[in-house]
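Q: The residues making up each chain are set out below.
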Amino acid sequence: MALLSVSGVTKRFGGLIANNRVSFEVAEGEILGLIGPNGAGKSTLFEVINGYYPPDGGEIRFQGQSLVGLRPDQVNRVGIGRTFQKVRPFLGMTVIENVMVAAMQHTPDPVTARREAIKFLEFVELAGKRDTNARSLSVGERKRLEMARAMATRPKLLLLDEVTGGVDQRTIPTLLALIGRVRSEQGLTLVVIEHNMRVIMSISDRIVALHLGEVIADGPPAAVVKERRVIDAYLGDAFVVPTGSGG
Amino acid sequence: MLQIPSAEVLIQGIMNGVLMGCLYALIAAGLSLIFGLMEIVNFAHGEFLMLGMYTAFWMYTLFGLDPLLSVPICAAALFLLGWLTHKGIIRRILGGPMLAQIFATFGLGIFLRAAAQFLWTPDFRQIAHPLVQGPVKLFGISIGLAQLVASGASLAAFAVLYWFITRTEAGAALEATAQDRQAAALMGINTERMFTLGWGISSACVGIAGAFLASFFYVFPYVGSLFALIAYVTVALGGFGSILGSLVAGIMIGVIEVMAGLLIAPAFKYVAVFLIYLIVVLIRPQGLFGKF
Amino acid sequence: MASPAVPFDEPRPRRIGERILFVLLLLAIVAYPLVFPLPYYRDLGIKILLYALLAQAWNILAGYCGQISLGHAVFFGVGAYTSSVLQLSAGWSPWVGLAAGMLVAAVFSVLIGYPCFRLRGHYFAIATIAVGEIVHTLAINWEFIGGARGLTLPIQPDSLAAFQFYKSKYIYYYIILALAALCFLITWHLERSRLGYYLRGIREDPVAAQSVGIPITRYKLIAMALSAAFVAAGGSFYAQYLLYIDPDSVFPLALSIMICLLVVVGGVGTLWGPLVGAALMIPLSEFTRIQFGGTGSAVDLLIYGGLLTIVAVFQPAGLVGLFRRLRRE
Numbered sequence: 027m028a029l030l031s032v033s034g035v036t037k038r039f040g041g042l043i044a045n046n047r048v049s050f051e052v053a054e055g056e057i058l059g060l061i062g063p064n065g066a067g068k069s070t071l072f073e074v075i076n077g078y079y080p081p082d083g084g085e086i087r088f089q090g091q092s093l094v095g096l097r098p099d100q101v102n103r104v105g106i107g108r109t110f111q112k113v114r115p116f117l118g119m120t121v122i123e124n125v126m127v128a129a130m131q132h133t134p135d136p137v138t139a140r141r142e143a144i145k146f147l148e149f150v151e152l153a154g155k156r157d158t159n160a161r162s163l164s165v166g167e168r169k170r171l172e173m174a175r176a177m178a179t180r181p182k183l184l185l186l187d188e189v190t191g192g193v194d195q196r197t198i199p200t201l202l203a204l205i206g207r208v209r210s211e212q213g214l215t216l217v218v219i220e221h222n223m224r225v226i227m228s229i230s231d232r233i234v235a236l237h238l239g240e241v242i243a244d245g246p247p248a249a250v251v252k253e254r255r256v257i258d259a260y261l262g263d264a265f266v267v268p269t270g271s272g273g
Numbered sequence: 630m631l632q633i634p635s636a637e638v639l640i641q642g643i644m645n646g647v648l649m650g651c652l653y654a655l656i657a658a659g660l661s662l663i664f665g666l667m668e669i670v671n672f673a674h675g676e677f678l679m680l681g682m683y684t685a686f687w688m689y690t691l692f693g694l695d696p697l698l699s700v701p702i703c704a705a706a707l708f709l710l711g712w713l714t715h716k717g718i719i720r721r722i723l724g725g726p727m728l729a730q731i732f733a734t735f736g737l738g739i740f741l742r743a744a745a746q747f748l749w750t751p752d753f754r755q756i757a758h759p760l761v762q763g764p765v766k767l768f769g770i771s772i773g774l775a776q777l778v779a780s781g782a783s784l785a786a787f788a789v790l791y792w793f794i795t796r797t798e799a800g801a802a803l804e805a806t807a808q809d810r811q812a813a814a815l816m817g818i819n820t821e822r823m824f825t826l827g828w829g830i831s832s833a834c835v836g837i838a839g840a841f842l843a844s845f846f847y848v849f850p851y852v853g854s855l856f857a858l859i860a861y862v863t864v865a866l867g868g869f870g871s872i873l874g875s876l877v878a879g880i881m882i883g884v885i886e887v888m889a890g891l892l893i894a895p896a897f898k899y900v901a902v903f904l905i906y907l908i909v910v911l912i913r914p915q916g917l918f919g920k921f
Numbered sequence: 003m004a005s006p007a008v009p010f011d012e013p014r015p016r017r018i019g020e021r022i023l024f025v026l027l028l029l030a031i032v033a034y035p036l037v038f039p040l041p042y043y044r045d046l047g048i049k050i051l052l053y054a055l056l057a058q059a060w061n062i063l064a065g066y067c068g069q070i071s072l073g074h075a076v077f078f079g080v081g082a083y084t085s086s087v088l089q090l091s092a093g094w095s096p097w098v099g100l101a102a103g104m105l106v107a108a109v110f111s112v113l114i115g116y117p118c119f120r121l122r123g124h125y126f127a128i129a130t131i132a133v134g135e136i137v138h139t140l141a142i143n144w145e146f147i148g149g150a151r152g153l154t155l156p157i158q159p160d161s162l163a164a165f166q167f168y169k170s171k172y173i174y175y176y177i178i179l180a181l182a183a184l185c186f187l188i189t190w191h192l193e194r195s196r197l198g199y200y201l202r203g204i205r206e207d208p209v210a211a212q213s214v215g216i217p218i219t220r221y222k223l224i225a226m227a228l229s230a231a232f233v234a235a236g237g238s239f240y241a242q243y244l245l246y247i248d249p250d251s252v253f254p255l256a257l258s259i260m261i262c263l264l265v266v267v268g269g270v271g272t273l274w275g276p277l278v279g280a281a282l283m284i285p286l287s288e289f290t291r292i293q294f295g296g297t298g299s300a301v302d303l304l305i306y307g308g309l310l311t312i313v314a315v316f317q318p319a320g321l322v323g324l325f326r327r328l329r330r331e
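Protein chains in written order, with this note's numbering: chain A, 27 to 273; chain B, 630 to 921; chain C, 3 to 331.
No lab work stands behind these hints, which were simulated from the structure alone. All of these numbers come straight from a predicted model, not from anything done at the bench. Note that beta-carbon positions come from the ideal geometry of N, C-alpha and C, so glycine has one too. Among these hints, one or two may not hold up.
What the hints assert, rightly or not - According to the in silico footprint, chain A covers these stretches of chain C (three or more CB under 8 Å from chain A): (1) 103–110; (2) 193–206.
Unchecked claim - Covered by chain C, according to a simulated footprint, are these stretches of chain A (three or more residues, beta-carbon under 8 Å): (3) 108–121; (4) 131–139; (5) 173–187.
Using the sequences and the hints given, assemble the complete structure.
A: Here is the structure:
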């Protein structure tokens with residue numbers, strides 16, 4: 027059984043159809059990349075899955091259980107963690123407190139939660155800054171903090187929204203390695219929204235491509251990137267995938 | 630507790646309600662404008678109205694200027710106040726913590742109220758002989774001429790505001806800033822100037838409303854608080870950021886207020902209005918025409 | 003949106019000098035009515051502690067949880083009237099009345115909070131003003147609870163059970179001290195518990211808080227109920243202390259404003275902010291009242307309004323925030 031199954035999800039805002047019968051599955055242990063040009067409906071889909079918007083049609087099941095109608099906090103407690111496109115750390119708190127809040131879901135006692143939090147901070151390599159205020163972190167550090175915070179809720183599935191957006195280009199390889207380790211060391215399944223084609227190609231096992239609210243491709247990266255519809259919609263003729271690239 | 634009055638009293642009540650509603654709409658429009666622009670509630674809005682009323686009062690008492698003629702003066706004075714408030718206070722708390730945003734204007738309101746009491750005593754003032762006074766018959770029902778003129782002028786001001794927002798370049802820029810601040814800035818619109826303009830216009834509206842209100846309502850330091858609460862309800866009912874919503878909601882609130890006073894008891898007029906607020910909030914948080 | 007409160011990352015352990023100062027402060031507070039037995043000073047002390055209690059209670063909801071209520075006096079009145087009405091009409095002990103008042107206020111606060119917490123910050127604040135005004139008006143017009151005339155509680159022989167200490171008024175001081183201390187203790191514990199962390203998460207960013215599994219409405223309601231209960235306790239105490247209440251003394255907007263002011267000036271979201279604010283502003287208010295006599299109220303408010311705005315704009319973290327910032331440098 028797929029870990030997450032999205033079937034026929036439709037979401038309308040007034041006259042605009044943001045998601046049109048979107049269907050795909052996420053198998054346990056895989057990294058699924060979600061791509062599409064601006065306005066394709068990726069973020070809307072994320073928000074529908076996370077419970078911020080109710081879908082107008084369709085079904086979403088996580089480990090067989092329906093997510094439709096659950097509040098965002100309930101979705102998290104069911105086992106889905108997420109990060110935000112525009113990072114949202116708890117600015118008035120320190121780095122460790124940010125993660126403690128999340129860890130407390132499973133360990134209410136602050137002392138043990140703090141120990142837990144340190145482990146997650148070590149995983150994202152932020153443990154050294156644990157007592158600094160979240161406000162003083164760079165964008166890349168904030169993104170890592172958000173990942174640690176999301177992981178501290180002990181999800182089975184992690185949804186990453188534009189994790190390389192606005193981040194210093196030089197730190198991207200480290201970020202990618204981190205994402206890989208999230209799967210291999212923490213045993214999480216991931217769905218990643220990304221704009222950066224190189225990034226998504228290098229980390230995804232499978233890619234689902236959206237365009238104007240619809241799924242236009244679903245398969246391994248090498249295949250998706252050759253699909254006519256994907257090239258037209260997203261890549262444009264100018265993009266040429268060099269054969270033999272690490273895609 | 631429910632006492633049903635005669636048909637004539639009822640109709641008169643509804644008409645009065647509609648007339649006052651137009652005034653409420655104008656007062657609320659300014660609040661809605663600012664909230665649409667920068668998502669800030671001006672907790673001193675009522676006190677701005679009060680100052681508009683006092684301006685009209687002093688123009689009359691010191692210079693014999695009828696409120697009708699003071700309208701431009703009140704508008705200008707309040708425009709200046711709004712401009713100063715933005716430059717001095719609001720600018721510094723934009724994007725800041727919610728607490729700062731709320732208490733900055735909340736404190737200003739208290740300060741202005743106290744200043745008015747300090748300078749002009751808590752006595753109730755009245756413009757004794759305005760040009761426009763006395764009853765007039767409309768469709769056979771007797772209503773106050775001052776109220777009629779005030780509501781007519783409010784509608785006119787409203788129309789001007791609406792024309793400004795929808796038909797002029799400055800108005801379009803204002804709307805654009807309200808819709809998407811960043812995009813507007815990228816398009817070359819000076820957001821700072823838009824904010825200042827928004828505050829100026831909002832306050833000017835309230836100044837105009839104050840001038841007309843002063844011709845038939847008592848003027849005293851605390852008069853603003855009451856109208857402010859009604860204005861908040863009006864904005865909530867009409868929808869944040871919707872100028873048109875303020876008009877519809879204003880008239881509705883005006884009628885509800887009068888009806889509650891007639892059917893239940895005068896003391897409960899405002900209770901009914903506030904209850905409406907809580908109910909609207911429960912059922913439809915974004916109001917009738919709201920965007921959020 | 004960022005919060006103004008300084009992060010709870012106090013470098014512990016505290017220096018020994020601070021510990022000594024703290025103990026001395028506690029001793030001073032406890033010994034105060036014995037050292038200054040004159041009625042004026044005793045009443046001032048009681049007033050400061052009462053406001054410190056109300057301020058700390060408000061702080062739980064507004065400071066730690068970030069929900070700004072501008073009509074908190076409503077719970078003060080609910081507490082005062084509940085215990086008084088129960089005493090007058092059913093002969094209940096004032097202590098039971100106090101507990102009942104806390105319960106009624108908590109339930110009432112949850113009933114208001116549930117719909118109102120859907121509102122965004124500014125409009126939640128307005129809703130609280132509206133609720134305050136509604137209740138104030140209703141109280142004036144409700145004959146059963148005395149209407150505008152208010153309620154007078156019967157004078158009874160001094161005893162702890164009857165909550166009356168005419169001959170040894172300093173006991174009132176210790177009672178309010180105990181209530182305030184209890185509230186402070188609970189706040190102190192809150193800071194270190196999951197509840198506290200969750201509330202602060204909600205304050206900082208409700209959306210992010212949800213994303214880590216915090217049911218935000220539920221926790222807002224908890225903060226609300228806790229806050230309302232303690233304010234109500236203060237109200238019941240006030241009723242017993244003065245033996246007379248009326249709508250204008252227990253429900254006024256001015257009281258709500260004062261409570262906010264104390265915490266904002268002292269330091270919102272901090273443990274000591276409310277006490278610092280009360281200790282500073284209450285004597286100041288007494289001073290202006292004496293100095294400016296008749297139109298004193300206006301000058302009071304002039305200062306309060308100005309202070310509120312200035313602090314909000316330039317130092318939202320209040321005095322405690324300022325102190326912490328200086329200490330770091």
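Q: A separate judgement is required for each hint: does it hold in the structure or not?
A: Quick rundown of the hints versus the structure:
1. 103–110: violated (count 0)
2. 193–206: holds (count 9)
3. 108–121: As far as the segment 108–121 of chain A goes, the hint holds, because 9 residues have Cβ atoms under 8 Å from chain C.
4. 131–139: Result for this restraint: holds, n = 5.
5. 173–187: holds (count 4)
The structure is inconsistent with hint 1 alone, although it conforms to all the rest.
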